[in-house]
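Starting from the given sequences, assemble the full structure and let the hints guide the process.
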Amino acid sequence: MNAKDNLFEIIKANASQKELNWIETKATGSLQSLQTAFVATPRFICKTPINTSEKLNGVDFKSWTLDKLVRAYFLVSLSDSDKEVYTKTLNTLFETAENNEAVALISSLAFLENPETWLLRATDAVRTNIGVVFDAIAFENPYPQKYFSELAWNQLVLKCIFNDKPIDRILGLDERANKELATSISNLAHERWAAGRSIPPQAWRLVVKYLEETIFEDIKRLFDSENQKDQIAAALVCKYTEFEIAKSKLEIHLDLKDKTKDLTWSSLEC
Amino acid sequence: MCQKESEIKQNPSHFEGTAEEHEMSKTIQANYMDYVKGMKFFDPHIHMSSRTTDDYTALVDAGVVAIIEPAFWLGQPRTGLASFKDYYSSLVGWERFRSSQFGIKHYCTIGLNSREANNEALAEEVMEILPLFLYKEGVVGVGEIGFDDQTAAEEKYYRQQLEMSKEAGLPVQVHTPHRDKKKGTELSMSIALEHGIDPRMVIIDHNNEETVESVLDKGFWAAFTIYPFTKMGNERMVELVKKYGPERIMINSAADWGISDPLAVPKTAALMKIRGISDEAIKLVCYQNAIDAFAQSGQIHVSDFETPQEIDQSLKFNGNTVLRGGQIPRVDKDSIFIS
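Just so you know, the protein sequences line up as chains A and B, in that order.
With this note's numbering applied, the first sequence covers 1 to 270.
With this note's numbering applied, the second sequence covers 1 to 339.
These aren't lab readings, by the way, just hints derived from the structure by calculation.
You may find that some hints are simply not true.
Stated by the list, open to error - Pair ranges (Cβ atoms, derived):
id, chain 1, residue 1, chain 2, residue 2, range
1, A, Lys88, B, Ser83, 42 to 52 angstroms
2, B, Ser83, A, Ala195, 35 to 45 angstroms
3, B, Ala82, A, Glu9, 35 to 45 angstroms
4, B, Asn31, A, Thr25, 40 to 50 angstroms
5, A, Lys146, B, Ser50, 36 to 46 angstroms
6, A, Ser30, B, Arg200, 45 to 55 angstroms
7, A, Asn51, B, Pro77, 44 to 54 angstroms
8, B, Gly245, A, Val132, 38 to 48 angstroms
9, A, Leu119, B, Arg200, 31 to 41 angstroms
10, B, Val302, A, Val85, 39 to 49 angstroms
11, A, Lys88, B, Lys183, 37 to 47 angstroms
12, B, Pro77, A, Gln32, 23 to 33 angstroms
Said to hold, decoys possible - Simulated coverage check for chain B against chain A, where a stretch passes if three residues somewhere in it have a Cβ under 8 angstroms from a Cβ of chain A:
id, segment
13, 92–105
14, 115–124
15, 134–140
Please read these numbers as outputs of a predicted model, since none were measured by experiment.
For each residue, glycine too, the CB sits at the ideal point set by N, CA and C.
Here is the structure:
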């Protein structure tokens, strides 16, 4: 089954007959009519949470509502046989989007034909200051992991950290860790420390694979922090790293070593 | 307000209240908000895009729970379609989000304002994109539209937008002109009726003592803008409510980038309370009537603002956005979590 059929199966299991009737009359319409249906969706479709364990193209629907799902369905129903018209239609939807529409568009990127075409829309969602739209690209969205350049990826992760957002909801966080990002985390920490502020302790998970002499100095500082979460972060870094000096450091902090037995990075996200 | 005792003595006609009211008048400047404690307000006309975050804070503190931001001009004419598109999109995007950070529910009305209707080439293009926005969530009307100089072009696009409102099933928020107001108001109403629009779907805005009777008699909603110097003062407003009662009357601040007061609704409510208008009437004029009029759009769900919402800006605000420069975010004081 293609994305369209799969989405419709989930809709069928969650929508009322009246809602299904409306969707069916709209889904077969012209581009213009689908565009209007996308906008008008909340007038006809409830915002009830979706109940499904299915995943599609890497998307998990556990935080989705029915109106958002129906909007995704209308988007994949747009015919791309005329590329120019298709692109224009989607661009208009992006450019005139109300916040919930923007969230639906960004959350549906993985279902679109040639998703890489929409890279600029995705990175614009990282640039936005509208929280819900940023969250739509950052969290439980497979698009950044698959299509973002290293630079764009690092911006996304750094902005999350900068704004105290939960990075463990970013898909591919450990897989796409890189040296550049590890250095940026260290730099951000120095900047914050100089201002008498701190960075979220879970950010240090991003340096695990790239730990070396310089960044290890930061980890030592965390062990001395008054914040217990910083200490746990330091212990977790030492626990998972291949950097030998750090591994042996953990043997000095046996109480922390013991604590990290039951803790993961996600335990620090609250 | 003319409430200083010395002024009242010199000019007694400004204040002809009871002895009790007279006593109250001495202290109202200091504690007028006490009179409206616990009341909820709905400001159906306020241009938040041109206001600061301090105003949002003040609105929250004064009990304003929801607002409508009508589309208007920017103080100078736009020169291209993209400016209109970006503006409309900001009303359903950034400004809506900004407002939500203060726990205020933000609605808007979308339309081509009368001044810019006079650029016909551009107006034609705007007419084409309006339907894209009229059907969006939280768009509660076509507005603010109507007459300014009362030109032929203004009439043409007023009529076209009335047709759009019918098509979309949306109420209409009608701006009445500063100059030649009475004539402009009568014209606006007669054109709406000519298009077969139910007067219950039309809110005639910026009324005064000269226009209100005809507006109410014809079955339209009468909105009053409490705006210093150029529109209504709130002492006059109190007298109007005493005279006409609260039915189909609502007030707004129309606060914008001019010398205006975003707290016009709660301040006027306080003055009504002080001058002996019933709580029930105050609620109608400052809250319920606006909801009833604009909820005809199907886009207002009172549960969105009547149920207290947790506001925790520290969760939602981004570091480089509204709260800049290390300001301490206002968080819900009742929350057990301190971070």
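Taking the hints in turn, this is what the structure says about them:
A hinted range of 42 to 52 angstroms for the beta carbons of lysine 88 of chain A and serine 83 of chain B is inconsistent with their spacing of about 20 angstroms. The hinted window of 35 to 45 angstroms between serine 83 of chain B and alanine 195 of chain A holds, with their beta carbons roughly 39 angstroms apart. At about 40 angstroms, the beta-carbon gap between alanine 82 of chain B and glutamate 9 of chain A stays in the expected band of 35 to 45 angstroms. A hinted range of 40 to 50 angstroms for the beta carbons of asparagine 31 of chain B and threonine 25 of chain A is inconsistent with their spacing of about 59 angstroms.
Checking the proposed 36 to 46 angstroms range against lysine 146 of chain A and serine 50 of chain B shows it holds: the Cβ atoms sit about 41 angstroms from each other. Look at serine 30 of chain A against arginine 200 of chain B: about 35 angstroms separates their beta carbons, and that is not inside 45 to 55 angstroms. A hinted range of 44 to 54 angstroms for the beta carbons of asparagine 51 of chain A and proline 77 of chain B is consistent with their spacing of about 51 angstroms. For the pair glycine 245 of chain B and valine 132 of chain A, the beta carbons lie near 42 angstroms from each other, so the given range of 38 to 48 angstroms is met.
Distance hint check for leucine 119 of chain A and arginine 200 of chain B: the Cβ-Cβ separation is about 49 angstroms, which falls outside the suggested range of 31 to 41 angstroms. Take valine 302 of chain B and valine 85 of chain A: their Cβ atoms lie about 41 angstroms apart, and the range 39 to 49 angstroms holds. For lysine 88 of chain A paired with lysine 183 of chain B, a C-beta distance near 44 angstroms keeps the hint of 37 to 47 angstroms intact. Taking the beta carbon of each, proline 77 of chain B and glutamine 32 of chain A are about 30 angstroms apart, inside 23 to 33 angstroms as hinted.
Under the rule that three or more residues need a Cβ within less than 8 angstroms of chain A, the assignment of the segment 92–105 of chain B holds, with 5 such residues. Evaluation of the coverage hint for the segment 115–124 of chain B: breached, as 0 residues show C-beta separations to chain A shorter than 8 angstroms, against a requirement of three. Only residues whose beta carbon comes within less than 8 angstroms of a beta carbon in chain A count, and the segment 134–140 of chain B has 4; three or more means the coverage holds.
Checked against the numbered hints above, the structure violates hints 1, 4, 6, 9 and 14; every other hint is satisfied.
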